[in-house]
Amino acid sequence: EAQVTQNPRYLITVTGKKLTVTCSQNMNHEYMSWYRQDPGLGLRQIYYSMNVEVTDKGDVPEGYKVSRKEKRNFPLILESPSPNQTSLYFCASGFPLHFGNGTRLTVT
Amino acid sequence: GESVGLHLPTLSVQEGDNSIINCAYSNSASDYFIWYKQESGKGPQFIIDIRSNMDKRQGQRVTVLLNKTVKHLSLQIAATQPGDSAVYFCAEMVRGNQFYFGTGTSLTVIP
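From first to last, the protein sequence lines are chains A and B. Reminder that position 103 of the first sequence reads as 103 in our numbering, one-by-one numbering, no gaps. Reminder that position 27 of the second sequence reads as 27 in our numbering, one-by-one numbering, no gaps.
I should point out that these hints are in silico values taken from the structure, not numbers from a laboratory. We put the CB at the ideal spot given by N, CA and C, even for glycine. Take the hints with a grain of salt, since some may be wrong.
Here are some chain B residues pointing at chain A (derived, C-beta under 10 Å) [as the list claims (entries may be wrong)]:
| # | residue |
| --- | --- |
| 1 | 38 |
| 2 | 42 |
| 3 | 45 |
| 4 | 49 |
| 5 | 100 |
| 6 | 102 |
| 7 | 103 |
Please take these sequences and the hints and turn them into a complete structure.
The structure is reproduced here in structure tokens:
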């Protein structure tokens, strides 16, 4: 089944503790991207990748890192999470975008 | 940054009626538009898309209309069903790689 898989689905952490949210797709898509969804703001693009080893900032990249070492994987890294990064995160791939089921992150 | 807005945050329709959800965008250079449906606890699900060289596209029970003159996009759902209840939002693609999303319209179908 064609899908975008994110892990974990839920994550509670403390300020400053590094974390990684994984994203994997099995559709051989070159394009992958990360979004955060906050009430009243809609989805906002954090980072995107046009292909392996090619990544670029989206609208709200501050506090996040990504890597694209393989075509299928596009992890989102928060080196030092802060409470304002509490949000619902989505990974997506391809055109049109195929979304994962989301990761709800809480930073206390 | 770009601005994508939806005209109504909520919409209630009777089962069997047609629904129209609207979206306004700001960037004249946007060349690709997508409508998504999001159910509670799930990721956005693709409904239909349209490129800027078209003004109308039809799918199964859905139609997207694009008016580039006034930068307006609409989604029409025919014979709305209870399973159509969800949040709907539009997205525009700019420069071939960046996406901007509207805030969403919550559609409630009344049986």
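Legend entry - Violations among the numbered hints: none
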